[in-house]
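Now for the letters of each chain:
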Amino acid sequence: MANHSTSHPTHVHHHFVDSDQQFDTAKLGMWVFLVNEILFFGGLFCAYIIYRAWYPELFQMAALELNTFWGAVNTVVLIGSSLTVAMAIRSAQKDQMKGLKINLLITIGLALVFMVIKGFEYAHKFELGIFPGEYYTYEGIDHPQAAIFFSIYYMLTGVHAVHVLIGIGLIYWIYLRAKKGEFSSEYYTPVEITGLYWHLVDLIWIFLFPLLYLIE
Amino acid sequence: MLTAEVKPASTGTKKTLKVKRYKPSEDPKNTYLTDEKGLWAWMTTVDHKKIGLMYLGSVTFFFLVGGILALLLRTELLTPAKTFIEADTYNQFFTLHGAIMVFFVLIPSIPAALGNFVLPMQLGAKDVAFPRLNLASFYIYVIGAIFTFIALANNGLDTGWTFYTPYSTQSSSSVIWVTIGVFILGFSSILTGTNFIATIHKLRAPGITWGKLPLNLWALYATSIIQVLATPVLAITVLLLTMERALGIGIFDPALGGDPVLFQHFFWFYSHPAVYIMAVPAFGIISEVITTFSKKHIFGYWAIALSSLAIAFIGFLVWGHHMFTSGQSAVATTVFSFLTFLVGIPTGIKVLNWVATLYKGSIEMKTPMIYVFSFLFIFSIGGFTGIMLGTLSADIHLHDTYYVVAHFHYVMMGGTLISFLAGLHYWWPKMTGKMYNEFQAKVGAALIFIGFNTTFLPQFIMGSQGMPRRYYNYIDQFTIFHQTSTIGSYILGVGFLLIAYYLAKSLKSGEKAGSNPWGSRGLEWQTTSPPDFHNFDHTPVVINGPYDYHRPMEEFQLGLANEDKDH
Numbered sequence: 001m002a003n004h005s006t007s008h009p010t011h012v013h014h015h016f017v018d019s020d021q022q023f024d025t026a027k028l029g030m031w032v033f034l035v036n037e038i039l040f041f042g043g044l045f046c047a048y049i050i051y052r053a054w055y056p057e058l059f060q061m062a063a064l065e066l067n068t069f070w071g072a073v074n075t076v077v078l079i080g081s082s083l084t085v086a087m088a089i090r091s092a093q094k095d096q097m098k099g100l101k102i103n104l105l106i107t108i109g110l111a112l113v114f115m116v117i118k119g120f121e122y123a124h125k126f127e128l129g130i131f132p133g134e135y136y137t138y139e140g141i142d143h144p145q146a147a148i149f150f151s152i153y154y155m156l157t158g159v160h161a162v163h164v165l166i167g168i169g170l171i172y173w174i175y176l177r178a179k180k181g182e183f184s185s186e187y188y189t190p191v192e193i194t195g196l197y198w199h200l201v202d203l204i205w206i207f208l209f210p211l212l213y214l215i216e
Numbered sequence: 001m002l003t004a005e006v007k008p009a010s011t012g013t014k015k016t017l018k019v020k021r022y023k024p025s026e027d028p029k030n031t032y033l034t035d036e037k038g039l040w041a042w043m044t045t046v047d048h049k050k051i052g053l054m055y056l057g058s059v060t061f062f063f064l065v066g067g068i069l070a071l072l073l074r075t076e077l078l079t080p081a082k083t084f085i086e087a088d089t090y091n092q093f094f095t096l097h098g099a100i101m102v103f104f105v106l107i108p109s110i111p112a113a114l115g116n117f118v119l120p121m122q123l124g125a126k127d128v129a130f131p132r133l134n135l136a137s138f139y140i141y142v143i144g145a146i147f148t149f150i151a152l153a154n155n156g157l158d159t160g161w162t163f164y165t166p167y168s169t170q171s172s173s174s175v176i177w178v179t180i181g182v183f184i185l186g187f188s189s190i191l192t193g194t195n196f197i198a199t200i201h202k203l204r205a206p207g208i209t210w211g212k213l214p215l216n217l218w219a220l221y222a223t224s225i226i227q228v229l230a231t232p233v234l235a236i237t238v239l240l241l242t243m244e245r246a247l248g249i250g251i252f253d254p255a256l257g258g259d260p261v262l263f264q265h266f267f268w269f270y271s272h273p274a275v276y277i278m279a280v281p282a283f284g285i286i287s288e289v290i291t292t293f294s295k296k297h298i299f300g301y302w303a304i305a306l307s308s309l310a311i312a313f314i315g316f317l318v319w320g321h322h323m324f325t326s327g328q329s330a331v332a333t334t335v336f337s338f339l340t341f342l343v344g345i346p347t348g349i350k351v352l353n354w355v356a357t358l359y360k361g362s363i364e365m366k367t368p369m370i371y372v373f374s375f376l377f378i379f380s381i382g383g384f385t386g387i388m389l390g391t392l393s394a395d396i397h398l399h400d401t402y403y404v405v406a407h408f409h410y411v412m413m414g415g416t417l418i419s420f421l422a423g424l425h426y427w428w429p430k431m432t433g434k435m436y437n438e439f440q441a442k443v444g445a446a447l448i449f450i451g452f453n454t455t456f457l458p459q460f461i462m463g464s465q466g467m468p469r470r471y472y473n474y475i476d477q478f479t480i481f482h483q484t485s486t487i488g489s490y491i492l493g494v495g496f497l498l499i500a501y502y503l504a505k506s507l508k509s510g511e512k513a514g515s516n517p518w519g520s521r522g523l524e525w526q527t528t529s530p531p532d533f534h535n536f537d538h539t540p541v542v543i544n545g546p547y548d549y550h551r552p553m554e555e556f557q558l559g560l561a562n563e564d565k566d567h
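Respectively, the protein sequence lines represent chains A and B. Following our numbering, the numbering of the first sequence begins with 1 at its first residue and continues without gaps. Following our numbering, the numbering of the second sequence begins with 1 at its first residue and continues without gaps.
Don't take every hint at face value.
[Said to hold, decoys possible] Heads up, incomplete: computed chain B residues facing chain A, CB under 10 Å, no partners named:
{"id": "1", "residue": "63"}
{"id": "2", "residue": "67"}
{"id": "3", "residue": "71"}
{"id": "4", "residue": "72"}
{"id": "5", "residue": "127"}
{"id": "6", "residue": "128"}
{"id": "7", "residue": "129"}
{"id": "8", "residue": "228"}
{"id": "9", "residue": "231"}
{"id": "10", "residue": "232"}
{"id": "11", "residue": "256"}
{"id": "12", "residue": "260"}
{"id": "13", "residue": "446"}
{"id": "14", "residue": "539"}
{"id": "15", "residue": "543"}
{"id": "16", "residue": "545"}
[What the hints assert, rightly or not] Think about it this way: if two alpha-carbon atoms lie no more than 25 Å apart in a straight line, the pair counts; the simulated DMTMM-like pairs of lysine to aspartate or glutamate are:
{"id": "17", "chain 1": "B", "residue 1": "212", "chain 2": "A", "residue 2": "134"}
{"id": "18", "chain 1": "B", "residue 1": "212", "chain 2": "A", "residue 2": "95"}
{"id": "19", "chain 1": "B", "residue 1": "14", "chain 2": "A", "residue 2": "24"}
{"id": "20", "chain 1": "B", "residue 1": "15", "chain 2": "A", "residue 2": "18"}
{"id": "21", "chain 1": "B", "residue 1": "18", "chain 2": "A", "residue 2": "20"}
{"id": "22", "chain 1": "B", "residue 1": "18", "chain 2": "A", "residue 2": "18"}
Just so you know, these hints were derived from the structure itself, not from any lab. Predicted, not measured: the structure shown is a model, and the values here were computed from it. Idealized CB from N, CA, C, for every residue including glycine.
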């Protein structure tokens with residue numbers, strides 16, 4: 001159904017009329033997907049709310065075991081990566097291909113820093129015997145249901161970490177395509193929608209950090 | 001040269017376009033079935049029509065597996081004690097029958113198989129918004145299925161399709177394989193929903209405003225919204241259940257401070273809306289078929305369109321009616337009961353509008369229409385018994401009895417599957433270019449109707465008398481009901497075999513269908529049967545509503561004039 005004018009650029013797929021329609025469609029699709037992501041995490045947040053209402057004192061005691069300093073560092077790191085991914089999109093819009101590639105690389109670097117810090121946090125907990133559920137052996141928290149807080153903690157941060165890893169993969173793929181010179185101010189749809197995804201990953205962490213680390 | 005003043009979806013401002021009539025060829029040379037050949041071309045195709053057919057094949061396969069399991073179950077229930085299989089095997093069979101029919105047949109049947117095929121054509125688009133994602137969705141479905149089959153080969157599954165904790169965390173059957181399978185399968189559903197929403201918003205042909213959208217697409221739109229909003233909650237639920245079994249995280253385990261009823265809340269927060277993922281697309285098909293075979297404008301276009309969205313919305317607020325006996329608070333049960341009654345309103349609006357559409361119509365009793373009448377009869381019974389189950393005092397008595405089994409088969413099989421058959425018979429000539437044998441098809445439809453009611457009506461009676469669902473043995477007083485039900489299931493089996501036979505035969509020796517055998521005004525009929533790779537060889541322009549039977553056919557075959565054909 002396209003208007004088959006001779007100016008149909010190569011990046012526009014056959015079933016779209018023009019570049020704008022393709023861009024809008026891709027963006028809408030990503031937003032719909034992000035709504036789905038929010039519902040996905042919503043289930044876990046719902047479990048969090050229920051158990052926090054049931055065992056409020058447990059959540060206060062258990063939150064003290066989490067390292068607020070490194071949690072805060074990670075928050076800054078992820079917000080920084082959201083900034084760089086936004087700058088990457090800006091570079092693409094302004095045809096600055098070098099800036100695009102550099103910003104994508106910085107974003108990947110920050111995401112890796114986040115994962116390394118998260119890894120150290122996990123390792124420290126495992127040393128103490130803070131495992132999820134029935135493998136929990138730590139005795140430092142005087143509460144019969146101490147394990148359940150950490151089950152929720154591991155589920156929330158674990159699922160989030162998987163999203164970070166997927167994000168790293170996606171941004172690296174965008175970087176490779178940028179290196180091949182596929183993008184320009186005319187066509188940067190994949191950069192934009194990957195950026196949207198990355199902002200969501202960041203946003204979820206912004207909720208996780210106070211909910212888990214900053215309970216008083 | 002004609003002109004038409006229309007709004008293209010991409011810009012939204014009114015434009016005057018030069019149009020001319022494109023009469024579809026009755027004898028197409030190039031069709032989507034002939035332009036790429038070979039297994040590899042099929043497996044890697046991004047054509048929505050072929051992907052739809054691939055789903056159709058898989059859904060048929062799973063329907064066969066689930067159907068054979070159902071017949072085995074019914075055969076076992078011929079006698080009060082053991083008939084021919086062990087109790088453990090029986091538990092596995094009813095679990096697999098439920099899981100396969102819900103997750104692998106009903107959920108993808110209409111949206112992914114028929115919807116994939118007709119959605120872009122009804123929009124006058126060349127394909128869905130994300131064709132490669134569409135193909136990926138199909139393979140995700142296949143991978144989910146493989147996981148489920150690994151479970152089958154490996155201890156099976158005996159938890160019931162609902163995976164209720166705590167049993168599902170203790171069962172020795174392979175729950176994890178199936179929950180991972182369902183998790184993966186969920187993404188197929190989510191991505192299909194995302195794809196459809198984007199397609200309906202952005203890929204409408206010039207002139208298709210929201211008020212000219214076929215009701216089938218309103219229904220698929222509402223379905224897609226449910227898929228996107230509800231399925232992720234199922235994903236996280238089965239992920240938690242998987243972790244519960246693998247790591248004992250204890251979220252659903254009282255010994256660790258968790259709550260098994262929370263599982264039921266999570267599960268039904270998805271699975272109740274999932275009922276509408278199955279039912280709402282069925283409503284779309286009914287609207288299409290009933291107008292085509294009444295040759296009449298639909299009664300209450302906006303009422304039907306918006307009631308689909310209303311059902312989708314209310315459907316999210318009623319999950320608690322599955323837990324009236326699970327220890328929910330009295331306030332919660334009362335509210336859920338009230339909200340459940342509300343679903344009856346938009347559903348009733350639809351049924352009454354369909355019946356009103358028939359009034360003074362020129363009704364043609366072709367096979368798809370016979371299925372529509374079956375639907376109206378069976379689905380109304382299913383709907384009304386649902387209201388009874390939503391009534392608190394009645395539900396305490398009827399909960400977990402065969403009354404519930406009969407109710408959801410009236411809705412799911414009588415509603416979704418019969419509409420699916422209506423849609424399949426309606427679009428079969430468009431998909432294949434061939435007509436099936438009308439007489440055999442009518443016999444098939446009659447067998448399905450008789451077999452269905454013989455199978456499930458007795459279940460209402462024995463359920464109301466206290467026969468619990470899922471039981472392997474029963475007391476003698478229920479024997480006659482069980483035996484009638486089993487005989488009914490055999491009639492159904494014969495009916496489905498007959499359908500498979502004449503549809504397969506039509507592929508080989510069916511008469512040529514022609515582009516529009518039913519005289520429909522729908523856009524998908526204004527191209528060749530089968531369509532070519534791009535659906536239309538022009539850009540369709542739409543000036544009338546899809547059910548404007550008072551307008552001449554020429555006005556439904558317009559397309560942009562002076563297009564160069566160099567693509």
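Can you give the numbers of the hints that this structure goes against, from lowest to highest? Hints 1, 2, 3, 4, 12, 13, 15, 16, 17, 18 are the ones this structure does not satisfy, whereas the remaining hints hold.
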